[in-house]
Amino acid sequence: MSTTFLPCGVYHENYKQDHAWWQTKFIKSKMFLLFITLFFIIPWMSDSYSLSICNQIGYTILGALGVQLLIGFCGQVTLGHAAFLAVGAYVSTLLVLEFPWPAVFIELGLAYPISIFIAAITAGLWSVLFGLPSARVKGFYLILTTMAAQFITVDFIITQYVSQIGGRGQAFSLPLGTIKVGPWAWGVIDSDIKIYYMMIVLTIICVVGVVNLLRSRVGRAWVAIRDNDISAEVMGIDIIKYKLLAFFVAGFIGGIAGAVWISNLAAISPEHFPWFWSLWLVGVILIGGVGSIHGTIFGSIFMVVVMELLQMAVMPLADTYPKLLMDFLFIKEAAFGLAICAFLIFEPNGLAYRWWQAKNYFNLWPFSY
Amino acid sequence: MNVSKDIKPGEVLLELEEIQMFFGKVCALNGVSTKIKKGEIHSVIGPNGAGKTVMMNCISGLYHPQKGNIYYKGEKINGLKPHNRAKLGIARTFQKVEVFGGMTVLDNIRLGRHIHYNSGIISGSLYMGKTGKEEIEHRKFIEEEIIDLLEIEHIRHKPVGMLPYGLQKRVELGRAIALEPELLLLDEPLAGLNLEEVEDMARFILDVNQEERWKVTCILVEHDMGVVMDLSDNVFVLNFGNMIVDGTPEEVQGNPEVVRAYLGEEDLYATRR
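Line by line, the protein sequences give chains A and B.
So the mapping is simple: the numbering used here equals the position in the first sequence, first residue as 1, plus 140.
So the mapping is simple: the numbering used here equals the position in the second sequence, first residue as 1, plus 10.
It is worth saying that the hints were derived from the structure and are not from the lab.
Quantities reported herein were computed from a predicted structural model and do not represent experimental measurements.
Check before you lean on any hint, since a few could be wrong.
[As the list claims (entries may be wrong)] Here are a few chain A residues that face chain B, going by a calculated C-beta distance under 8 angstroms:
#1 Y155
#2 A361
#3 I377
[Stated by the list, open to error] In silico DSS-like cross-links for lysine-lysine, where the CA-CA straight-line distance does not exceed 27 angstroms:
#4 B:K143 / A:K381
#5 A:K170 / A:K499
#6 A:K278 / B:K97
#7 B:K77 / B:K35
#8 A:K156 / B:K140
#9 B:K140 / A:K381
#10 A:K165 / B:K168
#11 A:K168 / B:K143
#12 B:K97 / B:K143
#13 B:K48 / B:K86
#14 A:K381 / B:K91
#15 B:K168 / A:K499
#16 B:K168 / A:K156
#17 B:K143 / A:K165
#18 A:K334 / A:K170
#19 B:K150 / A:K165
#20 B:K97 / B:K86
#21 A:K168 / B:K150
#22 B:K86 / A:K381
#23 A:K278 / B:K91
#24 B:K140 / A:K165
#25 B:K140 / B:K97
#26 B:K18 / B:K45
#27 B:K140 / A:K168
#28 B:K18 / B:K83
#29 B:K168 / A:K170
#30 B:K143 / A:K156
#31 A:K381 / B:K97
#32 A:K156 / B:K150
#33 A:K278 / B:K106
#34 A:K168 / B:K168
Cβ coordinates follow ideal geometry from the N, Cα and C atoms, glycine included.
Can you build the whole structure from these sequences, using the hints too?
As structure tokens, this is what we get:
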């Protein structure tokens with residue numbers, strides 16, 4: 141699936157060209173257009189509402205990226221990823237709210253960026269802790285051990301103990317101005333557009349990092365473990381080390397996602413990270429395409445946008461059928477289930493495969509044989 | 011463990027000493043001993059269920075025998091995990107092809123060179139400097155030494171899972187020699203291939219064994235007697251976990267016990283039932 145066709149007349153003369161990200165001028169200009177769209181056109185065209193949807197997409201991409209890495213590339217099925225998002229979010233919040241930062245750090249607006257990094261590391265290590273069973277168990281059994289991560293972390297540790305820190309009660313409120321990046325006045329993250337820029341930069345960094353990993357030594361080892369762990373071991377891969385590394389990176393990205401997401405929230409509570417959200421992220425990669433970075437992105441866009449459209453479709457009916465409004469959460473869940481069923485039956489390779497087909501159709505047109 | 015001694019051709023590279031392997035009460039290997047000299051092709055033959063693959067798995071570290079020792083270059087490697095044995099230079103192929111179906115041919119072979127790459131998680135995610143240079147270096151090696159040798163230029167970007175069986179076997183061989191091993195375990199490399207593919211594969215095995223560039227010692231498990239007798243320097247015959255004979259192809263062919271093992275003997279068979 142990964143093979144793409146080069147247009148006629150494009151030849152590589154050295155391996156460096158063959159290893160390049162964007163191999164033709166056409167692709168380069170396409171990516172430049174995408175860059176312009178992401179950084180200028182979308183923020184310029186959109187209102188606050190559509191930007192908040194974009195932020196939600198970014199958050200879903202960051203969350204699903206870790207799940208994709210574990211399930212799609214390393215073959216370690218995980219159903220507790222929201223726990224690591226929660227760890228990231230809570231570590232970052234606690235650092236921002238409770239840590240006695242020296243005044244210089246606050247003034248320079250370093251507290252939040254540093255807290256993102258520490259949150260990511262913590263979530264990574266926390267993820268490794270729950271990845272340890274993967275040394276012994278595979279498949280269904282691993283699903284259960286990762287589910288344990290969800291229940292132990294969110295339902296037990298965070299709800300029972302972490303939420304008590306500072307005596308605030310269940311939710312930690314994040315007053316405006318606590319989330320600040322850089323020494324400038326506009327560094328205070330208080331509007332959707334600022335969150336959007338932060339989100340997009342971090343999403344691009346994470347996606348690029350993961351794609352680079354996947355085409356270098358570590359990523360190949362992960363894919364090898366997914367495809368055939370016995371022969372991977374015989375080829376010199378320390379499979380336990382690489383599985384734990386995959387858990388670390390997935391948790392790391394999850395931590396970033398959680399830590400960034402708090403900038404979008406007025407208050408953070410354990411209800412933001414339910415088990416359903418872990419399942420949702422798995423659904424995102426199933427719909428987008430397992431084992432594809434494109435799939436993660438398409439799946440995230442699809443899920444978020446479809447749910448928003450559903451909401452738009454349901455809301456006008458709410459006047460006549462008020463019960464619909466009450467039941468919207470359940471309608472959303474039903475639509476989620478339906479979408480997954482439909483994709484598994486009609487397009488098990490996900491949206492990414494359709495994208496690949498479409499791209500090839502145009503690349504090969506008019507002689508597609 | 012650090013085994014980096016240079017072994018000259020003709021000296022013992024791998025020694026099995028009284029290997030005993032049980033699965034429950036089934037004795038898969040019963041006190042098997044042999045010496046594999048550097049530079050030779052040492053075949054292991056025997057009827058189905060004789061313990062040939064178990065022997066391969068013991069050498070590559072997937073199984074740990076209950077009794078007996080394995081020496082590689084004079085060092086005991088009993089407790090070593092498979093990935094550490096790979097680092098010592100022991101590569102293998104499998105009877106049922108165990109390629110990485112979702113990866114391209116090129117990536118499969120690159121993966122075989124895993125132990126020669128250095129980039130870690132940070133340099134890998136940046137893909138700058140060291141990692142990029144390293145990838146190009148190894149790509150050059152793979153293209154010039156392996157893909158060229160095995161004649162798989164036309165499929166290098168294809169996912170291996172979509173290739174026919176014969177080519178998958180070839181890719182698996184490529185992946186194994188990409189490790190630049192000193193000892194190559196070939197577990198039925200010819201099983202299920204057609205005549206032309208058998209001839210190709212036999213040629214590749216000879217190339218890898220004899221070309222100055224490679225000079226890889228091979229342990230070959232095979233059922234195709236014609237190929238075994240033609241290629242091997244030594245043949246090791248197993249039957250129900252017992253070693254029958256270990257000698258040159260001529261000795262083996264003339265041995266009445268070997269003939270009996272292959273054609274079957276009523277008494278022995280009766281005790282097993």
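* Asked: Quick one, are K143 of chain B and K156 of chain A close enough, alpha carbons at most 27 angstroms?
  -> holds (9 angstroms)
* K150 of chain B and K165 of chain A: Cα distance at most 27 angstroms? -> holds (25 angstroms)
* 27 angstroms Cα cutoff - pair K156 of chain A, K150 of chain B -> holds (10 angstroms)
* Hinted pair K168 of chain A and K143 of chain B, Cα distance within 27 angstroms -> holds (22 angstroms)
* Asked: Holds or violated: are the alpha carbons of K18 of chain B and K45 of chain B at most 27 angstroms from each other?
  -> With Cα atoms ~15 angstroms apart, K18 of chain B and K45 of chain B stay inside 27 angstroms; holds.
* **Restraint status (C-alpha distance of K278 of chain A to K97 of chain B at most 27 angstroms)** => The given pair, whose Cα atoms are some 25 angstroms apart, holds under the 27 angstroms limit.
* Is the Cα-Cα distance between K143 of chain B and K381 of chain A 27 angstroms or less? -> holds (25 angstroms)
* Asked: If you draw a straight line from the CA of K168 of chain B to the CA of K170 of chain A, is it 27 angstroms or shorter?
  -> holds (25 angstroms)
* **Holds or violated: K48 of chain B to K86 of chain B, with C-alpha atoms at most 27 angstroms apart** => Given pair K48 of chain B, K86 of chain B holds - Cα atoms ~17 angstroms apart, limit 27 angstroms.
* **Restraint status (C-alpha distance of K97 of chain B to K86 of chain B at most 27 angstroms)** => Answer holds: K97 of chain B to K86 of chain B is near 15 angstroms, not above 27 angstroms.
* To do: Starting from K18 of chain B, check that the Cα of K83 of chain B is at most 27 angstroms away, please.
  => holds (10 angstroms)
* Take a quick look at whether K140 of chain B and K165 of chain A sit within 27 angstroms of each other, Cα to Cα. => holds (26 angstroms)
Every hint, counting from the list given before, is met by this structure.
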